[in-house]
Amino acid sequence: MGQRRRVANPPSQGVAGARTDCVRVSDRKHNICMVSDFFYPNMGGVESHIYQLSQCLIQKGHKVVIATHAYDRRKGVRYLTNGLKVYYLPLQVMYNQSTATTCFHSLPLLRCVFVRERITVVHAHSSFSAMAHDALFHAKTMGLNTVFTDHSLFGFADVSSVLTNKLLTVSLCDTNHIVCVSYTSKENTVLRATLNPEIVSVIPNAVDPTDFTPDPSQRQEDRITIVVISRLVYRKGIDLLGGIIPELCLKHPDLHFLIGGEGPKRIVLEEVREKYQLHDRVQLLGALEHKDVRGVLVQGHIFLNTSLTEAFCMAIVEGASCGLQVVSTRVGGIPEVLPEDLITLCEPTVRSLCAGLETVIAQQRSGSLPSPASIHARVKNLYTWKNVAERTEKVYDRVAGEEVLPLDRRLWRLRAHCGPVSGSIFAFVAVLDFLFLLLLQWLVPDRLMDDAVDATGPHRLWRQETIVKQTKSRSHSKGATSS
Amino acid sequence: MVLKIFFPQCCNRADSGLLVGRWISGHESAVVLAVIHYPFIPGQVKQYVQQMQTRSGVELSVLGSWSLPKEGQEGMESFLRDLSTIFPQKRWLQISRQMGKTGFICNVLNRDHDGESAQKVKRKKKHEDVKGDEGEEDKEEEEEEEKVIFIHYEQRKVMMSQLHPIENGLQDPKTDSPSELRQMFQTVAQSQPLFFMDKYDDGPLKSTHWQSEGREASIIVELLKQASVPLCLLVTWLLSLWTWICNIRIFSLYPFCFLSSKLSTCVQLSYRTEHMRTLSSPRPAAGHTQFMRKANIFVSFLVDVALGMLLISWLYRDNHISMLANTLVPAADHVAKQLEELLQWLMGAPAGLKMNRALDQVLGRFFLYHIHLWISYIHLMSPFIEGIFWYGGLSACLGLTFALSLLSDMVALLTFHIYCFYVYGARLYCLKIYGLSSLWRLFRGKKWNVLRQRVDSCSYDLDQLFIGTLLFTILLFLLPTTALYYLVFTLLRLVVVLFQGVLHLSVDFINSFPLFAVGLRVCRFYRLAEGVKFRVLCDEPGTALHLLMEINPLKVSTVVQTYRTPTYSCYPKDSWAALVKKLFVGELIYPWRHKTTKTD
Amino acid sequence: MMEDEAFTDINGKTISLDCQSHSSFCREFTVSSPKTSMAKVMVYTCCVWLLSYTVFFFTQNTAVLSAAIVITLVSMMLHIHFVKVDHESLLVIGSLGIQLSSNYASGRETTTFIEMNKIKDIVINEAIYMHQIIYFLCVLLKDPSEPDAVSSVVPLFQSSKPRLNCLVKIYKSCQEILSKC
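Residue numbers (my numbering), protein chains in the order written: chain A, 70 to 552; chain B, 3 to 602; chain C, 25 to 205.
Incorrect hints may appear among the rest.
[As the list claims (entries may be wrong)] With the C-beta cut set under 10 Å, the calculated list includes, among others, these residues of chain A facing chain C:
no.	residue
1	Arg142
2	Leu149
3	Gly152
4	Tyr157
5	Val162
6	Cys172
7	Leu178
8	Ala226
9	Val228
10	Val302
11	Tyr303
12	Arg304
13	Val513
14	Leu517
15	Val522
Calculated directly from the structure, the hints in this document are not laboratory data. The beta-carbon is built from N, C-alpha and C at its ideal position, and this holds for glycine as well.
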């Protein structure tokens, strides 16, 4: 995994000693807590983004922990590769793997995580995640620096968007720094949350190019295979896919579809398959594990993405990295992801997508497409996690120097920035949150919380003579109840 | 490695002699079972050990020597050491007590099994030398090379106790050997023949081990054993007669078959027959589990019959039966009257609700007619009720459970009208719910695909949609009326089911409660062991560590769980949520369960 | 060899750890919780009494008062018999096993003995407990079918819940014994 930067301090320090000089080192190395509702075992772009970014930051010598909610029986504390510590907190899941937000109930556990891990920067991910917003809110109350990464785009028109945008405004108005994954996304976020564009950075997602290498020998030359890999949900335009399949299959008898992913819209594809009797040509693979994705991708010639909204599409980068010709809808940040000759952009309609696919199929037949290896070579250096981590590190360095608004100025800012009604309401909530924090600090003072043993960061004990033997990735949580 | 020696407490003050016991292979531990005293002839000891080994099936051997110095018995040391050459063993233990000290001292002589004698002598000599020079150092050296723990146990309790969870004799050879403690318990339990030698026996050998206090009670036990054989035969014969009657063809015809599976008295009867069959089998119980099962069934049967007798003595005194009968008929009448009033109320505008008048009237009249039929039925029955009670009460001499099951059946028969109303209401409601749900699917352009068990999309014609809409509207507007009737009768039905449920629960409790096991747990707690616990005895510096092993009795809740007699438990296994869902959809609920599910 | 040291539990109350070394491979660790303070008992009793007296004042029913006495006594007895743990101890005997016992304030004792061949290791683990994340000591049990897997976890010192520094001390001396055998 490349060069491991060692830190000047000797790592074998006692737990108690670690705290004092941790503060001193913090201008270089940060203690980062990533908070999001979405993390493994859930699969998706946000999840792998958090994981990969954390791994790179750990390699750079920062201490990273992740807080998410409990998935079924997976609750408590777990360790992943390289000592990445994950807290699966027992919070009630409400809808779509997002926790219920009451602004308060997550405070005790999150505070416990922040205090015992001596967190300096809280980094929340995804605007769909209620837990991320909660964490931002609590972190500001506790006087920690905050960073937020937005992974998705939103509309402005319908009622739900209006409400969510208001919430986002409140949540982000006193956040130190915001990261977006593409310029479209930045524009969208700035407008939605009425932010100062100065504090919004663009750091794109990345793929691990070594994981996605082309292998043309896997392709079957007597046919043309179109690969689709996405969750089968409305947002990913599966209804469009259901329209495209019969039309193209009718025209091209050697066309095959390979569809990976699972979701509520699977039924649409199944019906199409049955109605037009395409069982041998449309293959539904079901949920794919991340390690299997490459094996599916290399079997295809063309990668199709039908998303209706997308901030930064990692799937098309993965497809291109495997040497596939990419056809995608022209929505959100997709046009800025790949150079124009590697991608064919279409409008999000069945007709436009079909036309786009037709031209690519024709090119494929004539052999005028670039070779997979050349596509891979171009994409390889476009997006790497190392680059992402370096840029994120700069954001952290900048944030660490900034001050966190004290309560009075925070209230003033909420009132000034979010309108008189909602501003007042949330100012009141912020005061309540502060009082609740005081109550908790009285009930369980900070000094009674044991400092966690660092598995990563400057004082890491991972893979060394351990004072406390940690059971790797098998932690048992007993009597865990959400308070 | 630490050497563990399990030492019986009764041998603490035994005279010097040889230790007989067993090495537990693979665990570095020895179980001492008895001490054979001086004087003895080695040949006889060997023969005795051999004999015991064949009788008990335990690999017994002479473990070493035991010496308790007394006045005038000096100079035994060298003799004891020489003994090791007579009984060839891989290891030879020399356990000794010193005057005025509580701790034991243990020397271990190791030797190769096929080692040459010269080597042996040399090694022994070395021991001797060191010992002769400085005794203290020798001990330390010993301790360094081999540490010893003495674990004292009470032989009687360990012999009688049964370690839980019970492992049946059959063990797959794949899994590793049973744990150390289990092996130790097995060893002590199996070497029972060793303990039969009495201290008053005039044999050539004298030994110390646990001795039973006396055998007076055993005469009575023997007599009972003798008597039980003809009793069992008699019961078996009666049972075969009973099964013959049950197997007559007429009972396997449809109505009988159906009735007997639904009447709780019949179920209880078959259940008891099963029990008696288990009890009366002439073969002795094989294994602990089966023995406990038999004993539990026997005790609970006795208790059941005793309770039944109590009930009888109460019923047939002071004419309680006729009193009951005289109150029952008016009560049934009263219920019918109340129902009638309820129906009248429903036919109007119940709780201010405006119902569909026509449907309401039809349903109301229909139910009223039923009640009318019912009242005439009750009046027809009323002269016989006392007789039924009188003869039914006699069934209590078979046990309280029978009386309770009979009561449950009678309640079921007396509330048959409520059941009927419920079924009509539920069927009607169910039909409407199903109709509505499929028509709702029609609106959304979907249909239920039976072959694939999923909802498919489907395009309907205009006239299909039109008819569907009409039907949907009609059903929707008639739903409240039906739902109200359904609700009221379901509530009534639930009351009856609840009462029957309580009865079944108590019958089930009497049938399955492991009274014998609980009694054993209370009176002889060591018989059912969950495990062991250790206490550190004296730890004088210099001597080996001494632990006292006590038996950790099984928790009462675990006893009940382990030894509960399996029954047809009558309780809805499905959860409350499932029950509520059933009620909502309008599926029928029953107090009994379908017979295929038997809980173990 | 005896040592007695004062530590705190996760709620900041003082607990004392008593390490007794019976031999080089047999050690006993006893964690004693503080006794219930008299003031606390008095406060609770007074609360119940005041409440019952208020009810009595309005209802003029003496049964309320006697019920209050009975309730106080019974709940106290239940508390000391089932809830209040006086001390918990861990007896580690090399090559034989580990015995955990907890003594309730009434003198009731519950003991469990785990044989050495079932034990995989003793570790310090983290868990979410109520609204806190705490460290606790636990025994990992082997899965009999596959020796590398852990079948279950037995937490130690469940009622006293000592803090990390105390756990580390116990952990180190347990490992000393376990590594020897």
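Item to complete: Sort out which numbered hints this structure fails and list those numbers smallest first.
Response: Result: hints 1, 2, 3, 5, 6, 8, 9, 10, 11 and 12 break, sorted rising.
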